[in-house]
Amino acid sequence: MWLPVLGLIIGLFFGFMTDIKIPEEYSNYLSIAVLAALDTLFGGIRAHLQDIYDEKVFVSGFFFNIILAAGLAFLGVHLGVDLYLAAVFAFGVRLFQNIAVIRRILLSKWTSKREKIEKIDI
Amino acid sequence: MSRKQISFTFIMIIIGLMIAIQFKAVKEPIVRDTRDTWQLREDLQKEKDLELKLLREIRSNEEKIVQYETERKHSKEKILRDTLDELKMEAGLSEVTGDGIIITITPVYEKLLLGHAITSVTPDLIKRLLNEINRYGAQYVSIAGHRVINTTVIREINDETKIDGYPLSQLPLEVKVIAENNKAAELLYKRMQVSKSAEDFFIDNLRIEVMRPDEQITIPAYEDTIRILHMKPVKPKNGGDS
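Residue numbers (the numbering used here), protein chains in the order written: chain A, 1 to 122; chain Y, 123 to 364.
Looking at chain A on its own, in the form it has when it is part of the complex (with noise of 0.2 Å):
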């Protein structure tokens, strides 16, 4: 459960530390990609929850989204239609449904939780 989170700290502190800088203009290829990730992950933990994880789907869904979004807005750049809102659109709506459903899992693991504490003290 904690690895994760190292993981995550490990990466923002790899990312401060070293001097990678990007070019303002591919700037929003990785907003783009970022938010990818985050809809991979996010999806990733509610199937973790859903007891329907598949690590294979996971990874490469996750790799695959990224290249997808920042492709999408690549062609976008080039045909002069704003598409990375479409993959912002699309990851954003993904992200909340996602969210919305984690939030719901934990909570009905709460109360129900709470029920059977509540049940054994009676």
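Incorrect hints may appear among the rest.
[Said to hold, decoys possible] If we take Cβ atoms under 8 Å as the criterion, some of the chain Y residues that face chain A in the derived model are:
#, residue
1, Gln127
2, Phe130
3, Thr131
4, Phe132
5, Ile133
6, Ile136
7, Ile137
8, Leu139
9, Ile141
10, Ala142
11, Ile143
12, Lys146
13, Val148
Treat the hints as calculated values from the structure; they're not laboratory data. Built from N, CA and C at the ideal position, the CB exists for glycine as well.
We have chain A already, so just place chain Y on it with the hints.
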């Protein structure tokens, strides 16, 4: 530690890295500007002063650049002028002063008394004399006030010896010779004193006297324009290399 956790951790590291980089890329100054009008005005004034100062500096530097440029031009011009003067000196277009000797050609009066006719100096004799003094280290020569240069012609026209068209019939003739320096002049003087030319001149009833004045002698410049008939300037090739 399951595979699930490992892959999650891996993905998390990547996400963290991406977020950090994105944060750095989009980071904007979050310092809010809380200055009021007067502070802004003061700051503006400061900046303007700085601008003025910088402009002044730029101007002075530009002036310096211009100064250097003109100096360079002048120096180039000076070099050209020096070269021109040098060439003029070599060509005989400028007056020269230096150590040297004066050779005076006079008729032999004793022979005149004996009834010999007054003869003028033949061009051959003068050429011979010139060759001799040139051989002995003469640098600049003038005959009867006419500068001898590379293109000087000495020839007989209508039974009259002429140098560049000026007659040399009036005796005595004064030949001024300047040597490279004092020592060379001394050497020239000694050699001319024992020269064979004296005998050659004596056959023609002429006598030469060699004098070595203490002060420096002056040889005038060539008066006429030098006409160049068979010389052409080399046309420089493309690109300016000649």
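Here is what the structure says about each hint:
no. : hint   : result
1   : Gln127 : holds (5 Å)
2   : Phe130 : holds (4 Å)
3   : Thr131 : holds (4 Å)
4   : Phe132 : holds (7 Å)
5   : Ile133 : holds (6 Å)
6   : Ile136 : holds (6 Å)
7   : Ile137 : holds (5 Å)
8   : Leu139 : holds (4 Å)
9   : Ile141 : holds (6 Å)
10  : Ala142 : holds (2 Å)
11  : Ile143 : holds (5 Å)
12  : Lys146 : holds (7 Å)
13  : Val148 : holds (6 Å)
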